[in-house]
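Protein chains: 6
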Amino acid sequence: MTTIDMKEELYKAQILVEALPYIQKFNRKIIVVKYGGSAMVDEDLKRKVIQDVALLKLVGFKPIIVHGGGKEISSWVKKSGMEPKFINGLRVTDEPTMEIAEMVLNKVNKSLVSLLEELGIKACGISGKDGGMLRVDKKLSGGEDIGFVGDIKSVDTTLIHSLLKDDFLPVICPIGFGDDHHAYNINADDAACAIARAVGAEKLAFLTDIEGVYRDFNDKDSLISELSTTEAKDLLASGTIGGGMLPKLNNCIDAVENGVSRVHILDGRIPHCLLLEIFTNKGIGTAILSEEAEKFYNADIVC
Amino acid sequence: MTTIDMKEELYKAQILVEALPYIQKFNRKIIVVKYGGSAMVDEDLKRKVIQDVALLKLVGFKPIIVHGGGKEISSWVKKSGMEPKFINGLRVTDEPTMEIAEMVLNKVNKSLVSLLEELGIKACGISGKDGGMLRVDKKLSGGEDIGFVGDIKSVDTTLIHSLLKDDFLPVICPIGFGDDHHAYNINADDAACAIARAVGAEKLAFLTDIEGVYRDFNDKDSLISELSTTEAKDLLASGTIGGGMLPKLNNCIDAVENGVSRVHILDGRIPHCLLLEIFTNKGIGTAILSEEAEKFYNADIVC
Amino acid sequence: MTTIDMKEELYKAQILVEALPYIQKFNRKIIVVKYGGSAMVDEDLKRKVIQDVALLKLVGFKPIIVHGGGKEISSWVKKSGMEPKFINGLRVTDEPTMEIAEMVLNKVNKSLVSLLEELGIKACGISGKDGGMLRVDKKLSGGEDIGFVGDIKSVDTTLIHSLLKDDFLPVICPIGFGDDHHAYNINADDAACAIARAVGAEKLAFLTDIEGVYRDFNDKDSLISELSTTEAKDLLASGTIGGGMLPKLNNCIDAVENGVSRVHILDGRIPHCLLLEIFTNKGIGTAILSEEAEKFYNADIVC
Amino acid sequence: MTTIDMKEELYKAQILVEALPYIQKFNRKIIVVKYGGSAMVDEDLKRKVIQDVALLKLVGFKPIIVHGGGKEISSWVKKSGMEPKFINGLRVTDEPTMEIAEMVLNKVNKSLVSLLEELGIKACGISGKDGGMLRVDKKLSGGEDIGFVGDIKSVDTTLIHSLLKDDFLPVICPIGFGDDHHAYNINADDAACAIARAVGAEKLAFLTDIEGVYRDFNDKDSLISELSTTEAKDLLASGTIGGGMLPKLNNCIDAVENGVSRVHILDGRIPHCLLLEIFTNKGIGTAILSEEAEKFYNADIVC
Amino acid sequence: MTTIDMKEELYKAQILVEALPYIQKFNRKIIVVKYGGSAMVDEDLKRKVIQDVALLKLVGFKPIIVHGGGKEISSWVKKSGMEPKFINGLRVTDEPTMEIAEMVLNKVNKSLVSLLEELGIKACGISGKDGGMLRVDKKLSGGEDIGFVGDIKSVDTTLIHSLLKDDFLPVICPIGFGDDHHAYNINADDAACAIARAVGAEKLAFLTDIEGVYRDFNDKDSLISELSTTEAKDLLASGTIGGGMLPKLNNCIDAVENGVSRVHILDGRIPHCLLLEIFTNKGIGTAILSEEAEKFYNADIVC
Amino acid sequence: MTTIDMKEELYKAQILVEALPYIQKFNRKIIVVKYGGSAMVDEDLKRKVIQDVALLKLVGFKPIIVHGGGKEISSWVKKSGMEPKFINGLRVTDEPTMEIAEMVLNKVNKSLVSLLEELGIKACGISGKDGGMLRVDKKLSGGEDIGFVGDIKSVDTTLIHSLLKDDFLPVICPIGFGDDHHAYNINADDAACAIARAVGAEKLAFLTDIEGVYRDFNDKDSLISELSTTEAKDLLASGTIGGGMLPKLNNCIDAVENGVSRVHILDGRIPHCLLLEIFTNKGIGTAILSEEAEKFYNADIVC
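Chains as they are written, first to last, in the UniProt record's numbering: chain A, 1 to 303; chain B, 1 to 303; chain C, 1 to 303; chain D, 1 to 303; chain E, 1 to 303; chain F, 1 to 303.
Chain A extracted, bound-state conformation (with noise of 0.2 Å):
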């Protein structure tokens, strides 16, 4: 080896060892990653969302993915010769609409056990049917019948925890049951946050389209790197919040109050940003934490 293959390789040994402390905290810790948007279109990106994923189970790690397929179903309902339909952002799912959902939501799961098959991990997609894991009230839009879409009313984790258990990464898309049986189109965002409440999450990370959480939306320096619930809620009193953030942000707000330490709205089109906000102090997107999670990420991490 040359001198300065040597540096560089000690440069490289350093950036694992560094890494130790990271490692560390969230060992044998449940991650929930919500997977959607940009990164799941381009291929690129989706590549190393996978290999991130990968490396955190790699190093004792315990995440599940939760998955969306949106604009696929929609392509896909085209191709069927319908229109897609939506009232108030949401998918109004009648009955071949929600045959094609499950099918298009079923392919997406399989070809991301696909990727993490090709990197070695044993992985295991499944839906909220599997295990009769998720159960949901129909859901209605501003008093409109909008057909088969689900507001989850309870989680079974058998089937997840079994899965762990034995060592798979369960790879989830979001369809659950109603009470008359049939399968139901539930939100991502709501499965992923549900999920980590049920299973006890230590993370909750979703990939978003967006940088981030912005006191002021058009002001691209106001990107708000840490937020307690109660700065939160006050946020979204503030009227400031809007669109697909809202949601979104209450969504994060309901899994810290109910056990999850840390939510993260990262920006997914970032490369490895997964990686970037989980071994490194430099904290990319937002982080919607418990007063105890704040407290224990000062203290914890000395490098």
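Derived by calculation from the structure, the hints in this document are not laboratory data.
Calculated cross-link-like contacts (lysine-lysine; reagent style BS3-like; alpha-carbon spacing at most 27 Å):
{"hint": "1", "chain 1": "F", "residue 1": "K7", "chain 2": "A", "residue 2": "K25"}
{"hint": "2", "chain 1": "A", "residue 1": "K25", "chain 2": "F", "residue 2": "K165"}
{"hint": "3", "chain 1": "C", "residue 1": "K85", "chain 2": "C", "residue 2": "K153"}
Residues of chain D placed beyond 12 Å of chain E at every Cβ, according to the derived structure:
{"hint": "4", "residue": "S80"}
{"hint": "5", "residue": "G81"}
{"hint": "6", "residue": "E83"}
{"hint": "7", "residue": "I87"}
{"hint": "8", "residue": "K138"}
{"hint": "9", "residue": "S141"}
{"hint": "10", "residue": "G147"}
{"hint": "11", "residue": "T157"}
{"hint": "12", "residue": "D179"}
{"hint": "13", "residue": "Y214"}
{"hint": "14", "residue": "R215"}
{"hint": "15", "residue": "D219"}
{"hint": "16", "residue": "S238"}
{"hint": "17", "residue": "I241"}
{"hint": "18", "residue": "G242"}
{"hint": "19", "residue": "N258"}
Keep in mind the model is a prediction, meaning the values are calculated, not measured. Yeah, the Cβ is synthetic: ideal placement off N, Cα and C, and Gly gets one too.
Following the hints, complete the assembly by docking chains B, C, D, E and F onto the known chain A.
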């Protein structure tokens, strides 16, 4: 209760008691059910098959369902504006066809999970990609490339055993990985046979659209109840067996020669054909047996 | 198979399928069967009771048999040249009588083990002395010393749970230890009730020689199907209940108030009465229920 | 404490310490004790045998008691107005005799359980019928039918191992099943030997009414301390051994040749003969040893 | 064997049998032995203490040894050319002293492991640093800095339980970690007490160089056999207790009030004092008991 | 984050991802690290070795440290006023020298435990005496008595496996028992090799003070990267290998021929040499491999 009521109730109790030796015989044994054909199209038959499997599970057996989805794949291929193509009876499976096949098979898969769930059975629908279960080689058909069609080269049973151990009923659709990490379509009969061998199933039952194996296909009285593998091979050598029965019979022989004690070709058009086969001495369909199984069968059940 | 044969077979299959919800409901639940009376004398009834218990075991229940041996004890006491003596319906049990009682009860015990063994069920016959299971206080009858007759003061369930865990069916005869380490005879109803409470049985069934509880013993149409504990207490307070039913009903109330969901007084003279009670909605005999059990019963089984 | 008291206490402590290597040697080893003869009739000897077995259990051995009940069976047969009958030293066991034999053996069985219980030892009294443990063939005596007398053809050790695992001391009476599912009487020496072989006991000890094996029965100084199986066979061939010792010695050889390291013929009339044999170097009675055991014995214990 | 030999052997057997109730009483209970003083200097006494502990282990107790090394540390400090220094009876422990203390304590530790090994006992010698067991705060002595001397603030029992579960006997030397990750010396009495509390020991025995606690130190007849914690506190309040006994008695009270049933101050100069205390009713030394322990003690052992 | 920061962070993430296949390859495999030489003297190198081992543990490997203490033993021998003596390179180890050796080795042992503890790793420092792990024969050096120096004759791995199972990192110093129960000093290379063989390690790494094995020691360009055992033997036969490398290379061959797949001679003077060897394809030092390992190595890691 009236006397007539009581008489009927006693008759029912008697029937339950008569099931005793059969329940005992297969207690904690694995039974692989290849589910396909009419029994998958007719809604009433479908429900009865699922009831049978549910009962087998509840009385202590360990059933595994392996299913196909042939007709529905073709119908969705057409819906997408393509024309299904076959060479030597094998579906030519190009990229878009494979995509549709995977979507349809997963849809069918989850619908079976739903039906079991309705009966209170915890099921988990997986494909051969999950847990890296089915690895395949590319199949050629008379030297011609027919696309993503695979021959199973190895079965990793870890996930299946993990699910069985934790009391989930595995429902499996026949898709596997190639060495190129691509998804490949697998003949469902082949998959059922390979899985039955790999898990050391006690029994493998094919639900088909025929009454069984005929010594002379034109003579409806020549239905064969039991065949040893030697007899089955003689029959194949005689050249009287043809059509879809030929590969099926080869599969049966292969399974029996690799440790599955009993393989059954059942008429899936008869309601509750699974229960009839297992809980009565009046065999239906054709059984291919190892010599040991024959002896065991006769010795064990004395009503 | 002829068409008529087939029709009958299908009817049988249907009956098995109808058992599904009942099997499911009691899966892995403990059922204590107090076995006595005519069902123990008549060889045909005896065989049917044992068949019922064997079936319950095979379909996943955990039955425990507690039996008496009253008439046979008296007959052996006479054989030995003594005269059976009773005070207030309780056998005066001097040393030689106790010796004979223990011998006879153990003989009956092992004969039940034999019958189960014949049906392929692994049973283990024990008395309350084994594993130090039953500890008693000396019972007085109206102030009179009636010898080695005991009231249970504690139940050590270690041995029972050990046998159940390793899949043995416990057959128990009601003999216990006094503080003087002497063997004491225990009323079999009391023993069944105490054991059912101690192991947290789901169900306790008394096989008796009566049809059940009558509101008016002289009116055969007044048989009561279900009683809550409150109603049972009212009935006792009304003074219409007498004879052997009085302590039995007290036992039932005691069991239900201590965690056993359902206690049944069955007519052991009806063949397969256990199966009839468990696998049909047409109740036979009288059930004493907790309020929760009643609700559960109605909600759960919808055919 | 006075000086004299203290001196005695120190002597006691010394004795306990001297037991160290013996306790260590048999730690967690199975010891089968065939209990019979005078040690079963004399109440004081009985109590001392049970104390010995209790101590063995408490210091970490796994004792199993196999007992007979010969004299008491005859006495109860007479009580019932029948006359005991023997052919070639074997009891002619017709149906009523078998019934009494089973009753008496179970009575003896539970009385040993009682004595152990009194010393705080959790015991479980079973017969060879429980758990389907002992299966027999009908034994003929010189071609004559002697009724329900059996030769053991197989031992199912599941129940024994289950009890040992959960820390119960098995007390076993020698009754087994024939292929006709009837109970058969078994010679207790044979049963002890078969069980010791089947469970892989380290040691098998026969409590007898003789001092051991004599080279010349008329010369009291010719008592043999140790015999290899070869020597034992030579002795048998020499024709000097007769009476009840002949089958017993054959049993010993059989046990040693099938994996039991040491078989002892002890004089049950000596109080604490079991402890004396195990905890001292001064052997009492006669030991039949495998070559390995002899070597091991000499090498291991150096006080 | 001669008659005289036999008589002595029987006496020995009798002594072993008399140990039965004591063995039973502490079966699988944890006993912490604080080993120090003369019993650690005299080679013969040392061997006897180790024999006692070995016997306790073999008969089913779970002993843990916690030892000091006081005199030997001073001697090695001097050997290294330094002068041992004490303030208020506490060793001033600068860096080089701590280094020597750790070396000497580990040497003593491994020599005890050797002695146990010689008796066939699998031991594992650890310090409070292993498995992060003992965490300390720096101790001040009347405001003065006395170096690396620590007060235990937490005990992590994972390693101890891990060793006990796998049947190793833990031998522990009293060194712990400070928050500065430096090694700190801990008083062995304090360590034994803290460990006994943390593992929920049944008994804690201090081997000392005194006969026990005297009501009046100058009156040798005033040795106290048993003290309740209330009595012990009164004694302390009376001001008659002084010297090294003061902190020891405080430790005893602390242990009893935190779940250790019985704490013993034994005279380590009496050979086999541990066995004498445990296996005889003639108490030696002084026992500090909880009220429950007193009651239990009297009720349980009736010879 | 600035763009430059981000670029560096991404580079770091990339390096972590590149570690994926290496982490995967040794997941749950045992790696024995012989720790000695400069890497043990230089405080900075020491810390880096411990960081490396900690990282290996955290990412799922099972490292075991075996260490020496050569130089420090001599320094303490001198401190005690004695003169270190060597014959043929082996320390003459009389009683007082052995005492010091044991003290020093245990001190070093616990200091490594401390460093690991500081990084949050649960370690347990043991010697070959603990759990009776290392048994030795007295070693002679050319016929001369060199005192308490031992050759390992057996390794009892119970304690090591017990610690690994419960997630402790074993740190082992090379002292064992002789048949005289005395402590014997063992060459640390020999101990590491014997332990690696006994536990079936995947890898054994020697941290040394040389760069590796040279084909020609005077030609710095002749460093050998990989050697099969055949090549290593040829090299030894050629006579070009001398000094301390000779026994080390023999150890390497011995280990590989007894089941350790890969043995590495690393330059402990290079910081993070362990990580560099394991996480990069650019080998450092010399690897001695089995034929299978070579093949496996090339096939498996394709970056």
